[in-house]
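Colleague: Full structure from sequences and hints, please.
Residue 113 in UniProt numbering sits at position 113 of the sequence shown, and the numbers go up by one each step.
For the record, the hints were derived by calculation from the structure and aren't laboratory data. Please note: incorrect hints may appear among the correct ones.
[Claimed, not checked] Below are the BS3-like pairs computed for lysine-lysine, each with C-alpha atoms no more than 30 Å apart in a straight line:
id : residue 1 : residue 2
1  : Lys113    : Lys29
2  : Lys16     : Lys137
3  : Lys117    : Lys85
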Amino acid sequence: MNVESWMVTDLITIGKEAGIRDALAVMKKFSVRHLPVVEGGLFIGLVTSGDLKQAVLASMLETLKVGDVMIQNPVTITRDTSLEKAARIIYEKNIGCLPVVEDKRIVGIITIKDILKAFIEIMGVLRSGSRLDVILKSVHGSFDEVVSIIESKGGSIISAGMTIDGDENIHHFRISGGDTAAIAEELIQLGYRGVKVVD
1 MNVESWMVTD LITIGKEAGI RDALAVMKKF SVRHLPVVEG GLFIGLVTSG DLKQAVLASM
61 LETLKVGDVM IQNPVTITRD TSLEKAARII YEKNIGCLPV VEDKRIVGII TIKDILKAFI
121 EIMGVLRSGS RLDVILKSVH GSFDEVVSII ESKGGSIISA GMTIDGDENI HHFRISGGDT
181 AAIAEELIQL GYRGVKVVD
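Modeller: As structure tokens, then:
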């Protein structure tokens with residue numbers, strides 16, 4: 001899935017000659033923490049609320065311009081960048097957002113909050129249901145067997161994922177409906193380990 005489906009495209013931008021006070025006012029008015037800086041329609045930098053707060057001393061408030069404190073050449077992505085890659089960049093670079101740029105023009109922005117919302121929606125976390133954790137057997141077809149057991153007990157799989165804990169691959173099934181106690185009991189009887197239901 002690409003960032004294009006999740007990025008904000010209704011952008012609030014600012015020019016580099018704008019004053020710091022103006023930038024703070026824009027951020028407050030539109031409840032944003034990141035402002036792309038544009039000049040002649042081209043993306044030239046990014047200013048964040050953190051940058052502004054660090055730069056602002058009462059005596060300098062009137063003289064500093066956005067261009068004085070903006071991040072020049074920030075890390076950017078394109079609209080076809082995968083959501084996973086965008087999340088990895090934000091995590092590794094310890095940044096709050098990624099401008100989405102094409103032909104030197106900003107076409108969107110994706111923030112940590114946007115990415116979190118996307119992953120929550122993809123995983124079905126906000127839908128009612130239960131989570132079943134299980135360590136699959138190391139034989140071909142064990143994933144299909146677990147799915148079959150869930151469905152045979154009236155459950156529907158909303159999403160499935162996997163985490164690694166040491167040498168173990170723990171599979172997580174988000175389930176809607178069904179008899180989760182009976183599902184867990186049958187899995188244990190069949191020799192599956194790490195079976196746990198979280199309602």
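Colleague: For which of the previously enumerated hints does the structure constitute a violation, in increasing order of number?
Modeller: Per hint list: single violation, 2.
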